[in-house]
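*Asks:* One letter stands for each residue in the lines below.
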Amino acid sequence: MTTRRTFLSQAAASLSVLYMTGITPDLLSQAHEHAKAAPLNLDGQPFRFFTPQQAADYEAFAVQIFPTDDTPGAKEANVVRFVDFALSEIEPHNKEDFAKALHALNDQAKKANPQAASFAALAPAKQTEVMKSMEKSDDFGILRAYTLVGFFCDPADGGNKDKVGWKLIGFKDDFYYAPPFGYYDEQLMNEQKEKA
Amino acid sequence: MSASPQQRKYKLTDQVDFLIVGCGASGSVLARELSRNGFSVVALEQGPWLDRKQFTHDEYRVQAQNLLTNNPQKQPTTFRKTPNDTAKKRQAVVYGRIVGGGTVHFTANYWRFHEIDFIEASKKGTIAGTGFADWPITYSDLEPYYTKAEWELGVSGQAGVSPFDPPRSKPYPLPPMPVKSSGVLFEQAARKLGYHPFPAPVAVISQAYQGRLPCAHCGFCQGFGCEMGAKSSPLPTMVPQAVATGRCEIRPHSYVRKIELNSSGRAIGAVYFDEHGKENLQHAKAVIVSSNGSETPRLLLLSKSNRFPDGLANSSGLVGKYLMFNTDALAQGTFEHPLNEYKSIEVTRIVQDFYEIDAKLGFYGGGGLGARFLWNPISFAFGGVPPTVPQWGSEYKKYLAKNFNYTMMIMGHGTSLPVADNSISLDDTVKDAWGLPAMRVTYKDHPDDLKTSNFLNQKSLEILATAGAQNPWSFPIEEQNLGYHLLGTCRMGTDPKSSVINADHRTHDVPNLFLCDGSSMVTGGRGQPTCTIQALAFRAADRITSLAKTGRI
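First to last, the sequence lines map onto chains A and B.
Start counting the first sequence at -6; every next residue gets the next number (the numbering used here).
Start counting the second sequence at 52; every next residue gets the next number (the numbering used here).
Treat the hints as calculated values from the structure; they're not laboratory data.
Owing to the predicted nature of the structure, the values given are computational and were not obtained by experimental measurement.
Any given hint might turn out to be false.
[What the hints assert, rightly or not] Covered by chain A, according to a simulated footprint, are these stretches of chain B (three or more residues, beta-carbon under 8 Å):
no., stretch
1, 99 to 113
2, 392 to 400
3, 442 to 449
Every residue gets a Cβ at the ideal spot worked out from N, C-alpha and C, and that includes glycine.
Using the sequences and the accompanying hints, generate a full structural model.
*Replies:* In structure tokens, the structure reads:
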């Protein structure tokens, strides 16, 4: 989390640009005070929506969406914690649909693997098969959607822990920038400087 | 969660000069202009009044909690394609539900209409199955008010560089925003193809202006409120200026359910639910409805009476008809080097070479293209990955990681023809949280609109390929079922049989009832209506002031 102090020191690095545009670091930090909230950490607390079994099933699902490989995945992003928070606090009207979808996932797991105790209990390759067999369904859609949100949300909502989702794609949350923004406008800027 | 600035307060029994229903793009302009002109004004807004410091970049919460927009849980809508279908519950419109309206969260594209937009029907001829018509005003009638809107609100752009630019009496007040990588690639490719790219005019201030801070390039325009106050919505401009007159009260959390009439058929005010669900009647000498192109007709339909059994001011039968969404076409591709499109405003370069598509192609329409990045991290995960790539698993994850900062998008914005069946009406069974009939939306794009959109999409793909995109691809062009631009539903005109309001925005049926917002439009332009909605509001304020000062209301 960026504290006010580290934020100001970052801002100091581009002071000249800021003053040129008439924005002082103080004005900027005031403006951004609410745009950057503290991360939500619910580790160790009891779940409010999930049963422990449901949490395990959903985590297994989310890990299939964003596996942990050479970079962190859904597990490290705390996607399950996000969903538990979101369904309890922000979107309680979606609880029923989500629970139904999770139920459908387990039904499908047991249908394809009669011995299986739950989706989470399946070997990963079997989990992949189950998910592929239902990936066009609305049930799959809602489960996938919450994983995507939990992986890339503001850490203030309990997911995207340590900004692992944002770091993966290269999104920075400084919320103030000055040109050049990317490679091609920088090239143009350099060409124009040379001409001048 | 409301800003509570010191402002003049009126009693419900005070007969204010003007009661304005809706404090968004147009309502707040009218509130500021009329209060500056010496009139007492109450502006009712169904949403909250937020301070810019309350805006957040929380992509999930802004959407899931509808912090800035209509709430589909409390305000359900139903949708059907044609009047023969049964409407089903689903979100069919998105509009700003906050003081400042949709301009609080809009992308800030600020294009004037061109001369052709006002006279299309007489230039092109009628089109079967549509209500294609000329406006009762022309571009030159509106030009001074376009200029006024640009200067009063603060618009950045460069005049005189596009050969398609309509005549203007003044340049933009602020220089264009710095170009992004997408703008550079777009401009170079478009030029190579013989088109005429130019800096996008945007309602974002590129330098300090009228005491406001300039843009910090945070990258959160579309869908978000601006915590810098650099987006030139009415929130940091018209609203405080209206309040500062000491004659205007902005009343948030006020959900209007009916315009009341007296026995002689004049409006006496409006009944609204306050924050606690209590019903109030605010009295006024005249009422202006600026509730957007979906809620304005809905309110008129809700205000039916013995005198107006089919809805208030609806003797023409056209209230709610001719709804136009505009069309969007989305194409994207990836590049070798990073663009970092998540930074700064969404659009820095556009072309208007296709404003009027050659009629020889066999369909009617036109539009513009903008190099416009539509995504934030969450939405990119949903829409940024081409259908040829798996949508989950490690390949998906790798695609997102590799391409978020290397993706460029071009959006085409096109015409929607006015079709009478496309409409806002009241649902027979579904009710909102206040017990009022829900809004029913009927919409099916005219075949020409889809052809126009497809044409624009092909041009976007051509520009992407010319720019060197590795794998240009586009979303399919499909019939729409969700509208963000809500236009044409109480159209202006000279004939009371074929229009709802006259050129002064006065309803043909009720002398002291005016309508001014996207509903007033006769045609829908090329996909960027806000500039015209606000120019209309500045003009309406002049017209209404003149009528009031000469005892003609």
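*Asks:* Each hint needs a verdict: does it hold in this structure or not?
*Replies:* To see whether the hints hold, each was checked on the structure:
no.	hint	verdict
1	99 to 113	holds (count 10)
2	392 to 400	holds (count 4)
3	442 to 449	holds (count 6)
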